[in-house]
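Visitor: Sequence:
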Amino acid sequence: MTEKLYLKNPYLATFSARVLAQNKTEQGHEVLLDQTAFYPTSGGQPHDQGTLNGIAVRDVLLKDDEIFHLLEQPLSVSKVKGEIDWMLRSDHMQQHTGQHLLTAVFIELCQASTVSFHLGRELSTIDLDIGLLTELQVEQVEELANQYIIKNLPIKAYEVSPEEFSRLKLRKKELPEGVKSIRIVEIEGVDLSHCGGTHLRSTSEIGLIKVIGWEKYKGNMRVSFLCGRRALKDYRQKHKVMQGVSASLSVKPEKLSEAVDKLREEGKGYRRELKHLKERLAGFIAQELIDGAAPHEGFKLVKMIFRQEDLQVVKSAIIKAVNQEPLLVLAGVESQGMGHLIFASSKGLGLPLGEALRESCKVIDGKGGGGEGFAQGAGTNPQHLEKALELALDYLKLKG
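Mapping to this note's numbering: the sequence shown position 167 is 150, numbers consecutive.
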């Protein structure tokens, strides 16, 4: 059995070991050592990273209580030096110990137990067996958890027998069958739980706990949080953004919320005004279409290309125009590097506009569809809009 050095000393960053076995797999080379400080993926905590004799350890696997190190190439010696990525290890220790503390405080204040834990690359989450969390509850939990951090409470890890385990007041009692020894992690006076992860010596080393969100998830409440350096990094990023926005709006940071609310209300007013102006513009364009239409058999025909106008305004104008008098509009619109075709006719003309548009769209390297009264499409070649409209005239047999 591999001796798990990380359980004896989670602060151990370098170690020596003997190679017991090597095995080539599809994923790489699995190496078994007589002892290791590399923590394997388990219990919601990711594996450590680092090197064995300078070769990167890609994964650390726990199989039947043996720990295998996945390398990109085999080792050529029987004795190795292992080096742990200490910044990553210490980050995992901050997050995992912070989770124990946060879990304990949610039980203390909200009677909400943790049913699962995930330590991710960017943030960590716990799922609580509670249907609702208020902002006040979260603030109270944060406050108490950080008070425990300031108190510098000792954290101990030790082994107990199943008999001793049964007498302890733990927040979780479930254990696999046949276990001879159970590892306990204790935050003095706050939490007592069984865990095989790597943890800090005291709560002060967590530094800070910050809840950054919570949401319903599969009948529980998922809480996202950051600890230690992650919380500091998050604060720096958000502070930088806040300072930038504050400078842009020429307001103090504490006045940002009011400034944003004011901008939002102003924006609503501008949008209403813009909508009104677009409706008026559509009316003017509709009249322009009608005035410029050429007489045909039983209706008027207009063919036009728009280069600068808003696509939705043109579409609205065309619909307005065909609803005023017997009219067929074949329009091309160049917008944002795309070529758009809009064909519309008044009721009762019975023209196959959908078929005509599908053929015309091929000219502009696009596609579209529609029926007798209206059809619309777009393509990536706006230079050929005129050619597409001429093709539509041919298809509808309206030339000459």
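Where hints are given, some of them may not hold.
Said to hold, decoys possible - Distance windows between CB atoms, simulated:
id, residue 1, residue 2, range
1, Y218, S144, 22 to 30 angstroms
2, R219, G352, 28 to 36 angstroms
3, R41, S99, 20 to 28 angstroms
4, L153, Y200, 22 to 30 angstroms
5, Q366, Q270, 26 to 34 angstroms
Stated by the list, open to error - Below are the DMTMM-like pairs computed for lysine to aspartate or glutamate, each with C-alpha atoms no more than 25 angstroms apart in a straight line:
id, residue 1, residue 2
6, K286, D274
7, K298, D348
8, K286, E248
9, K46, E122
10, K201, E188
11, K216, E118
12, K152, E91
13, K223, E125
14, K370, E342
15, K380, D348
16, K380, E338
17, K216, E237
18, K139, D68
19, K(-13), E146
20, K139, E188
21, K258, E280
22, K380, E262
23, K199, E188
Because the hints were derived from the structure by calculation, they are not lab data.
Even for Gly, the Cβ is constructed at its ideal location relative to N, Cα and C.
Visitor: Please go over all the hints and tell whether each is borne out by the structure.
Guide: Checked hints:
1. Y218 - S144: 22 to 30 angstroms: violated, 44 angstroms
2. R219 - G352: 28 to 36 angstroms: violated, 51 angstroms
3. R41 - S99: 20 to 28 angstroms: The hint (20 to 28 angstroms, Cβ to Cβ) holds, given that R41 and S99 are roughly 26 angstroms apart.
4. L153 - Y200: 22 to 30 angstroms: Once the Cβ atoms are compared, 25 angstroms apart, the range 22 to 30 angstroms for Y200 and L153 holds.
5. Q366 - Q270: 26 to 34 angstroms: holds, 29 angstroms
6. K286 - D274: Judged against 25 angstroms, a Cα distance of about 12 angstroms means the pair holds.
7. K298 - D348: holds, 21 angstroms
8. K286 - E248: Violated - the C-alpha atoms of E248 and K286 are around 41 angstroms apart, more than 25 angstroms.
9. K46 - E122: Answer violated: K46 to E122 is near 41 angstroms, above 25 angstroms.
10. K201 - E188: violated, 33 angstroms
11. K216 - E118: holds, 23 angstroms
12. K152 - E91: Holds, at about 14 angstroms.
13. K223 - E125: holds, 23 angstroms
14. K370 - E342: holds, 11 angstroms
15. K380 - D348: Holds - the C-alpha atoms of D348 and K380 are around 23 angstroms apart, at most 25 angstroms.
16. K380 - E338: Distance ~13 angstroms between K380 and E338 Cα, so the pair holds.
17. K216 - E237: holds, 21 angstroms
18. K139 - D68: With Cα atoms ~23 angstroms apart, K139 and D68 stay inside 25 angstroms; holds.
19. K(-13) - E146: holds, 23 angstroms
20. K139 - E188: Distance of about 13 angstroms is within 25 angstroms: holds.
21. K258 - E280: violated, 36 angstroms
22. K380 - E262: violated, 33 angstroms
23. K199 - E188: Distance ~31 angstroms between K199 and E188 Cα, so the pair is violated.
In this structure, the hints that do not hold are numbers 1, 2, 8, 9, 10, 21, 22, 23, in rising order.
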